[in-house]
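Participant: Chain residues, written in single-letter form:
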Amino acid sequence: MKKRNRDEGRKRATVTGGTAEKNISLTVNGKLHELMVGKDVNPDHTLAYTLRETLGYTGVKIACDHGSCGACTVLIDGEAVLSCMTLTVECDGKNITTIEGLENRETGKLHPLQQAFIDHTAFQCGFCTPGIILSAKALLDKSPSPTEEEIKQELAGHYCRCGSHYFVIKAILAVAGKGR
Amino acid sequence: MGGEYRHIGKATPRKDARAIVTGSAQYIDDIKLPGMLYGRVLRSPYPHARIKNIDTAEAEAYPGVKAVLTYKNVPGWIGGVPYHRPVLDSTMRFVGDAVALVAAETVEGAKEALELIDVEYEQLPAVYDMEEATRPGAPQIHERIPGNVFPRGFRSIGEKALQEIVMGDVDKGFEEADFITEGTCGYENIPNPLPPEPPGVIALWEDAEHLTIYTTSQSAAMNRNFGQPLLGLVDMRVIGTQCGGSYGTKNANMIPMVHAVALAKATGRPVKVYFNKEEHFNAYSLRLGSRIHARVGIKKDGTITALEGEWFVDTGAASEMAQVQVAVGCGEAQLALRCKNWNLQPKLVCTNRNPSGVVRGFGGQELKSSLLPIMAIAMEKAGLDPLEFFKKNYVKPGDGYYWRDGLWWDYRGIDFSKAMQKGADVFGWKDKWKGWGKPTAVNGNKRIGVGVGVHGNADIGEDESEAYVKLNSDGRAVLHSCVSEAGMGERSAVCKMVAEVLDLPLNRVEITAPDTMVNPFEFGLVGSRGTYTVGSAVIEAAEDAKRKLFELAAPVLGARPEDLETKDGQIYVRGNQQKAIPWRKAMGITRTLTGQGRFETDFSLCNCMMIFAEVEVDVETGKADLLRVVAATDCGQIIDPLVLEGQLHGSLGSAGIDTALFEETILDKDTGRIMNCNMIDYKWRTFVDLPQFQNVILETPIPSHRFKAIGVGEVAPAPGPSAVLMAISNAIGKRIMDYPATPDRILKALGRI
Chain A
1052 MKKRNRDEGR KRATVTGGTA EKNISLTVNG KLHELMVGKD VNPDHTLAYT
1102 LRETLGYTGV KIACDHGSCG ACTVLIDGEA VLSCMTLTVE CDGKNITTIE
1152 GLENRETGKL HPLQQAFIDH TAFQCGFCTP GIILSAKALL DKSPSPTEEE
1202 IKQELAGHYC RCGSHYFVIK AILAVAGKGR
Chain B
4 MGGEYRHIGK ATPRKDARAI VTGSAQYIDD IKLPGMLYGR VLRSPYPHAR
54 IKNIDTAEAE AYPGVKAVLT YKNVPGWIGG VPYHRPVLDS TMRFVGDAVA
104 LVAAETVEGA KEALELIDVE YEQLPAVYDM EEATRPGAPQ IHERIPGNVF
154 PRGFRSIGEK ALQEIVMGDV DKGFEEADFI TEGTCGYENI PNPLPPEPPG
204 VIALWEDAEH LTIYTTSQSA AMNRNFGQPL LGLVDMRVIG TQCGGSYGTK
254 NANMIPMVHA VALAKATGRP VKVYFNKEEH FNAYSLRLGS RIHARVGIKK
304 DGTITALEGE WFVDTGAASE MAQVQVAVGC GEAQLALRCK NWNLQPKLVC
354 TNRNPSGVVR GFGGQELKSS LLPIMAIAME KAGLDPLEFF KKNYVKPGDG
404 YYWRDGLWWD YRGIDFSKAM QKGADVFGWK DKWKGWGKPT AVNGNKRIGV
454 GVGVHGNADI GEDESEAYVK LNSDGRAVLH SCVSEAGMGE RSAVCKMVAE
504 VLDLPLNRVE ITAPDTMVNP FEFGLVGSRG TYTVGSAVIE AAEDAKRKLF
554 ELAAPVLGAR PEDLETKDGQ IYVRGNQQKA IPWRKAMGIT RTLTGQGRFE
604 TDFSLCNCMM IFAEVEVDVE TGKADLLRVV AATDCGQIID PLVLEGQLHG
654 SLGSAGIDTA LFEETILDKD TGRIMNCNMI DYKWRTFVDL PQFQNVILET
704 PIPSHRFKAI GVGEVAPAPG PSAVLMAISN AIGKRIMDYP ATPDRILKAL
754 GRI
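Protein chains in written order, with the numbering used here: chain A, 1052 to 1231; chain B, 4 to 756.
Since the hints were derived computationally from the structure, they do not count as laboratory data. Misleading hints may appear alongside valid ones.
[To be verified] Cut-off 27 angstroms, straight-line C-alpha distance, at most; resulting in silico cross-link-like pairs (BS3-like, lysine-lysine):
(1) 588(B) <-> 551(B)
(2) 686(B) <-> 1203(A)
(3) 384(B) <-> 1160(A)
(4) 1090(A) <-> 35(B)
[To be verified] Each pair of labels, with its calculated beta carbon distance range:
(5) 1159(A) <-> 7(B): 34 to 44 angstroms
(6) 1087(A) <-> 64(B): 41 to 51 angstroms
(7) 1107(A) <-> 684(B): 29 to 39 angstroms
(8) 585(B) <-> 1107(A): 36 to 46 angstroms
(9) 158(B) <-> 1094(A): 48 to 58 angstroms
(10) 1085(A) <-> 66(B): 24 to 34 angstroms
(11) 386(B) <-> 1192(A): 54 to 64 angstroms
(12) 737(B) <-> 1107(A): 51 to 61 angstroms
(13) 521(B) <-> 1085(A): 39 to 49 angstroms
[Said to hold, decoys possible] Far from chain A, some chain B residues (derived; all Cβ distances over 10 angstroms):
(14) 8
(15) 21
(16) 187
(17) 343
(18) 433
(19) 446
(20) 588
Even for Gly, the Cβ is constructed at its ideal location relative to N, Cα and C.
Using the sequences and the accompanying hints, generate a full structural model.
Facilitator: See below:
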C-alpha cells in the first residue's frame, strides 16, 4: 500500500498557521476558562476533547466519538448537546455544564436526578450515566413533568448497553414527581 | 426471604454510586500517568496478506514519536491455544489485524506517524465460511492450525477438558424414539457485545522485572493469570479501573495489553493503548459463529432418546480461549436437554473474518441458539408444548453431566421447573400458546407470536477465589478481594456479605481496589461465578476473622468464644447485649485481625434462566417487534434486588435477545470488511423501542454457601435468541432457521420475496 495523506498529516501537526491567535472563553460549571486558539485549542478540537483533555472534566465520556451514542452529552446554555460533534472554537462565550457541575459544591448535596439514579440503581457500568443525567436535566428544566413517552424520546439517542433503561426511566419519573 | 437478613436481599446503594453519578469514577481513559505516551496501531486493510516490505523510517523520525514496532522488532511473546497470536506478525489475517505499533507524546502525533509507515502487501486468498475453510485447498490461515481446524482441548482447564458430548448409545437411542428429526441452524450473525467504553490498557515497566498494568477489565486478576505466562513470568501487578461495560469481552483483554506492554518496554515510559470505536468493531471480540447439523430422537412424552450432530464453531482469525467456550457450551447443552445418548462433535474453525472472543453466554448461547430451533422441529412433530418439554428436560437433582473439565458431576441443586412455571403464569403462556406455527392473535397485517427458551450454567462454581477480611479495632472491616466493577455491583455485594457476617453497618465495610499486589488470588467475574465462588471465599474470611476476634474477647468477657456475638463493632455474650465491649477492648488498638477464605471449584450446582418472548410481526413489511419479555429464574437468595433485575434487563442488548431481531455484524465477503462498523449502521435498541419486561425471581434456598445464593447474570441473554425465533415462527406460521430474523428473512420465509 502506498503512502497516503503524508502531507496532510504534517499540515495537521502544526496548528497555528492560518488562524489568527485569538482567545475564546468557556464558562464550565460556573468557572471561566480562557483558551488561546492555536495553543490550548486547535481548530479541529471537539468540545469533548477540550473538556476532557485540556480542562480535565473527565466526567464527560467519549464512546463512539461520532455523534451516535450520546455518552459525551453536555449542556450548552441549558441545551443537551453532543460535545463530540461540537467544535470548541464554536463555543466562545458559552455556558457549559458537565456532570461535575451538578453537585452543589458548597453543601455537597447532589442534584435530585443524581440522587434518584442512586436510589433506583439506575446504572450498571455507569459509562453512559453522565450523558443520560444531563439530557434528563435539560428535559426537566424545560418540562418539569414529562410523560414516560417524552422521557423515552428525549433519551432515544443515548446508548445504554447494560440494560439500565427501565430504572433510568423510573428514576427520572421519580424526580418529575410521577414516580410510583 | 430478605427479611431474615440485615443487608442481604435489600436494595442498597452501590458503593461506587456517588462516583458514577458525579463523574468522578475513574475509567481507563481518565487516567494519565506522568510521562505517559499514547500507543496507536496501524491496521491491515486486507483480510489476508503478507507484508512484503515495511518502511518505518519516516514514522520514527516524526516529532514526538518514541517507538515504532513491527513484526521485526517486537518481543517474541505469543498467545492463544495452540500458540498463534504473536504481538505482531508478518501475515495479516483479518481486516483490522495489527501491522505496526507507534508510541508518541500525543494521540494525534501517534496517528499521524501511522500514516508515514509504508507497507507493501502481497494479498492472499481469504475464506469466510467455516465449512469452506475446512475443505481441502482452502486458504491456510495459521501455520500452527492445519486445515484451519483448532486442535481440541485447552491446557488450563485440565487434561481431560471436555471436547465433545459422547455418552450412551446413539443408535439404540434412535431405535427407541417415536420421532426422529434432523435439521441445520446457524447462529452466525457474529454480533458485537459492544460495551460503550472501548477496551484499553496502560502499561508501565517499573524496572526490567516489574510490570504494572492498568486495565479496563471485568476481571483485573485474569489479566495477571493469563498475562504473566504470556510475558515470560515477569512480576506483573494488575490494577483494575472502573470498567465501562464488558459483557465478557474485557475478560483477559490480552491484545491491547501486549501492545501496550511492548511499547512501554521499547520506550521505557508508561504507554496507554485505547481503542477507538472503529477498532472496537474491527479488532476486538465478536461473538462466536455457530452452525449445527443435528439429528434428534424423542418420544411422545418428550423424553429425548438420542442427540447427535456436528457443531461448527467459527472463531474468526484468532482465538483467546474458544476451546473453553466449546467445552462450556457442551456442558450447558446437557443441563437443558436431559438425554442418555449423545454424540455431538464440535469443530472449532478459523476464518479470515474479524476475531471472536469471550462474550457473555460463552459458547452456550451460541450452541443453544442453533440447537434449540432444531429441538423445536422435534417438539412440533411430537406435538409437545415447549414449556412442558423444557420443564421435563432441565437437569434435576440426582442427574449429572460432564462439565468442562471432562469429569462427571452429580447435580445437587434444585429443580427449576417451579421457576419456569411461575414465569409462564406471569407471561400468560397457557392462553398465549396456540400450538406450533399458530399465531396468538391476528390483527390485519399484524401477527402476534410467542416463544420460550431455556439455558443454564454450572460455571457458577468455577475456579478459585480467595479473600482476606481485616478487622480494625475501631469496629471497621476491610475486605481484600480482587473484584473489579463492570456494572454487576459485585464489589458492593461482597461488602454486604461481610457486613452481614460481622453484623456491621454497610458503611463500616470497605473493599480494596482491584489490585493484584494487595489482594489474594482471584479468578475474576465470569460465568455468573461471583455470588457463589467469590461469595464463599469472602464469607469464610469474615467468619474466620470473627472467630479470631471472639478468641481474644472470650477471656475479657469471661465467656467461651462460641457464646459470643458481635454487632456494630461491639462484642457481647449471647443474650446479654447490655454488657457489650467494643472490639478494641478485645483487640487492643495496636492490632488488626485478618481472616482468610478460599473457594475451590465446584460444578455440582447450576443456575437456570428461562425467557418468554412475545413478538408482533407485520407480514406486509416483514418487520418483527419485541412486545414483551418475561425472564424467569431462581437464584436461591437475592443479594440485591435492583442489581439483579438490572442484570436480567441486560439480556436485551450485549449481543443477547436482539441478535434474533436486528443485531449483526455484516461482512462484505468480497473485501472481508465489516460494512456496519459504526454505531449508526450497527443497530441497537433505543429507549423508545423498549419492550415490556418483567422479571420473575424465585428464592428457593440453594446449597451454595451461608446465604444459599447463586449468580445468574451471565446467562441472562442466552435463552433469548431461540425464544424470539420461535415466537416469530409461530407468528407467521413459517419456520426461520437463521439469525437475525430481519424483514428480508421474514418476507422470504413467507414467500413474498
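Participant: Going back to the hint list, which numbers does this structure go against?
Facilitator: 3, 6 and 15
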